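Undergrad: One point on numbering: in our numbering, the residue at position 1125 of the sequence shown is 1125, and numbering is uninterrupted.
Everything labelled a hint here was simulated from the structure, so no lab data went into it. It should be emphasised that the depicted structure is a prediction, and the values quoted were computed from it without experimental measurement. Treat the hints with caution; some may be incorrect.
[What the hints assert, rightly or not] Here are the simulated DSSO-like cross-link-like pairs (lysine-lysine), alpha carbons at most 27 Å apart as the crow flies:
(1) Lys156 - Lys50
(2) Lys998 - Lys586
(3) Lys458 - Lys478
(4) Lys34 - Lys57
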Amino acid sequence: MDPDMLSVGFYDPFSVYPRKDFESKFPLTSLHWKYDAARPVQSIPLLPVKMVEEVPKANAKSIASVYARIMFVKFDNLDEYRSQVRPLIKEWLKQLVTPAGDWMIVYVAPANSKEKQSTIIKVSNFGKLLRDFGPEGKELTGLGFTPTFDRTRICKYRQGNSELLTDVIVNLKGLLVDSFSQKYAYFSRELAPPQAEKGRVQKPIERIRLKFGLAGLLNDMHLFQDALEVFNDMSSNDVVALLQEFPPQSTVSISPVLKQRFFAQYKYLPEKDPQLFDILCTIFANQSALLQSLATHATTISISAIYVSQLFQKSIDFLSELLVNYRQSLLLAEFAIRMIDEYISLPLVAKLIGENSKQGNEYDLHEILEFRGELLLFQRSRYKDIAINYYGYTVIGVSDVSIEERSNHSSGNPVKEKPMITYQPIIDAMSTPETFYAFYENLTESIIKDFVKSGREKTIDIMSIDLALMAYQQGHYKQALSIIQDSYDYFISKGWNFMGGFLLEIYLDCLHHDTDENYEKLTLGTLKLFFSIFHHGRVVNSIGVNNYGAIKHHEYFESLVNRIRAYSSKIDRVLTFPLEFAYEIKPFIGSEKNRYFIKMSIPNRSPLNLEFKAIELVLEDSDGMELEFTTEGIEIHSESTETVKLWSKDFKEGQFQPKRLTIQVYENLVYTKEFPMPKNTTSDLTIQHSEPGSSTLSVNDIPATNDTVGGLMEKRENESKVILRMFQHSSSVWCEFTNTEEIELGITEVNFCIHSSDEQLEDVEVTVVPATPGVTLSIQSRILLDNPIPPHSTHTIRIPFTYYSDNKLVNLGAMLRYRSGDKWHSHTMSSTVDITLEVSVTVQDSFRAQFLYSKFTIGSSQAMSPLRLLSSELVSSDNDKSFEIVSPVYPKLNQLVVFSDQPASLFYKIIPRVSELSPSRCFDLYVSYMSLKKECQQVTLEALESALETIDASSLMYLCRTKILSKAQFDINHYALYGSVKVVNAQELLDWSEEQLKNFIPDTSKIMPVLSSVLSTIQSSATCVSDFYKLHISVPMPILNFLQIVSYNFDRKSQFSVGEPIKMTLAVKTIDKWTGPGDEWKDCKFELTIPSDDNWSVTGLLKTTFIPKEAPFMVELVLVPLVVGKLPLPKVLIKHSPEKPHLLVDFAYANGSETLLIVPESESITFTF
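Generate the whole structure from the sequences, applying the supplied hints.
TA: This is the structure in structure tokens:
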């Protein structure tokens, strides 16, 4: 029987099995099986099936591997059915088919036959078969079968009818799925956690046997991955429990395994008394077979490579587990060597690598090559053990690093008798020491080749040491040098100090044996050795064999220093070396006399004093601008920590990170540290150096290190990314952009203020650069001051510009360059200025015959920012005496607070003193105001400034103002009513401020109590506010072409009766004095209309046109009141002709608000409802 095919039993007593037609449908396709509610439906594309003939016999045992059974029958009439067919069916069901089994009967009808119904019982042959053995079949009950089932068990097939054959195959697939489901349910039920009330404890070996059956079921269904998961679960969980029941033996008999193909006898678990070794081998053998099947059936090379990689990994885990559970023996080592040889030479692996090489793509196989290298590395360790323990050969090299067990011997005693080894490759490799060393070297090179292709660079470095040491002992210095210079760094970076120092000395010895002395290589190599020995030998309290410095003396250390000095002096250029000792950069920038400094702490635990010519730290911000902080002539005493200040005369406000640290040791030797610029700058801790990171050497022959070698001083385990925030100190020169106090409507400008310290600023040069797109300066960006700026003074430069945008936040930058004494300084800063006009002013003119009223409505342009109106003045431009302006009288105008929705209205009466008015005449409106929010800020600022002086922290005034007070929220209404400032978010601001200040200053213990006191309620009055804004608006003289004064003239009396006619004269007087020179009114026509009114009945000329003249236009009217009450006079509408649409016309109703009292004729009034 083909093990890869699934078995289906058939019984053909009448020789009607249509083998050719039936088996043409094999293998079965498109099976779908949901065997677990927690898993998705499994699709089986192809399922190979093999038909196995079964004949029912007495006491016959059914074959367990048969998943379904089919009986093929044929009969021509019912008598033949009753006498022959039915008894055979019953016997077949009784002997081979269990009541819970999956079976099917196929009635084979001739191709040309037509079934006729019996005239007696009126049923066909197939109908009779279906009645006896189909659903509710009466013959099934007597056999113990359940006569009800959910799948068709009786099928009909007629030769040559493909449709009926398809129905049979479909039912066969259903039977197989049902059979699989029953078996899976059985295994799942048995493997479920036992219930407590049953009191039955399942032994590990029983559980393993059940899982073997479950895995076999999944394997038969060609669900190789699911079967592999079952075996993996056994290997991970059940074997652990099995070790308690079957403790590993000290020795194991594996001689039969060595005499035949590996794991041939481990297809199935032994029935009786399986040993632990047999169980482990059987589990691995099945894992191996499944992985090979998955790799064979994979659709792509990359997927196949994944399964082969898993196969190699399982092999390593299996061998490692054997070495852990069993005492190492010669036989076990031979077993491992032979097994590895067989697995790495599998035809599947050779085919896979060959096909992939043809495609020129080795990347997909990097995992295979890596695990193959691991297998060979495991095998090399076994060869090494055999050579040392059984042949007495000496093997010098680094211990294997990827195998769990380690050999404790590097050489062994010579043996008198040769070991009993049967594997010929081992015998050949161990024939002589020279043969073994050559074999060992070739095996190592093979491993390295696989690791090269898989990218295992560090492991290659480790393994190359073996080759280098063998070459060094034989006097092949160039070969040893070429290997060691690429490998010794790895040991030092991983903390293997003893081996790293040892290899460094070998490296330097090889350099000395080189005929062409290279002082650059000697200098850098000696520096590596110097740092490695001192760091681990002096500072870190290393103990044990890893402490290479423990075997070196103080004189040796001094000799290294002298050699470094001597070698570097013979180099004709500056040699750079990665900075490899500890240091600490404080993340704060201080200020002193217009200079800025950074503190750097360097601990020295050595017995020697350290001297440096200069130290330079370069900072860089996100814009790429660099700042240099330097100092010279540094000496750090032994066994102490020195804190040095690095100084800079340049300032740039913003956040910086270290970019490069350079320490000049000798004339031609410099230590450098390049800091990587991280993407996220969130840390604000001190930087503690521990690793050179990406620093590279300047000499290509000396390899760069990605990890630290060690150092003169104590290192930290982690290097924090530091952010240094540079801010303006009020004790030094500082600058700011502010809004101008005198605002000219239509002109946009800001003030640039330079605040000097206690030194005079000379040769001042200012360069202003707008950062907001669309801002255009109205002056030259480069400004030179003619006069110096005295100490402790403020110089203000007005910066006008144009900007047209709805966004009123403008960012401006400035660079200040000046000379203080004999040194030049630079100061770069930027800030955002809100150029929003806080006050809004509207005007409305009301014309009269001899004067006019100008109503100015003044309010706040921002909803949440009320203003205090200090003064308002309207005057004639250039002292023009043509007008008399009567201002409103407000005795306490400075107490007037206006809002955006509650503005103040100021009326000005303008009386002209001349007959002719010119439209070019203008008035000047001056409005002085102050924002209540800015008043609160000013009051708080003054209190904070006074408080900071008490703790000698005035230099932090600018920092507190820009970072803290700008975030304060004030109770404006409380301030407007009571004159005291209340910060509503004081506690929140204090919590936030403490975290913010920690980023700028090292100690916040003194300033936080001051801030807490200031941010509480501060008593103040509005009179203390000295700074305010003054807005100037040029208001043009209002022009009006015609002013129409409309009046009703009539005899007035106290009351009129309803229906009483009232004679009136409507007069319209036209005034043109408010217009400039011209005679446009002469040919202008006006249309007068009196619309209908429900209160009046008007008789007369209700609609007419007239031409303005000096005399008033008169219309005689008769008005009859229609209702009782106080009635307003009828409205009058006047509009000019459309030929003059540009004319400005206004109307003044002399008695527009006058009403007439209308009473009824009788003294009593009757109302009808």
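Undergrad: Hints first: check each against the structure and report whether it holds.
TA: Structure-based check of each hint:
Among the hinted pairs, lysine 156 with lysine 50 is consistent with the structure: their alpha-carbon atoms are about 21 Å apart, no more than 27 Å. Taken as a hint, the lysine 998 and lysine 586 pair is honoured in the structure, with Cα atoms around 12 Å apart against an allowance of 27 Å. Of the supplied pair hints, the one linking lysine 458 and lysine 478 holds, its CA atoms being roughly 21 Å apart against a limit of 27 Å. For a cut-off of 27 Å, the pair hint linking lysine 34 to lysine 57 is broken: about 36 Å separates their Cα positions.
Hint compliance for this structure: hint 4 alone is broken.
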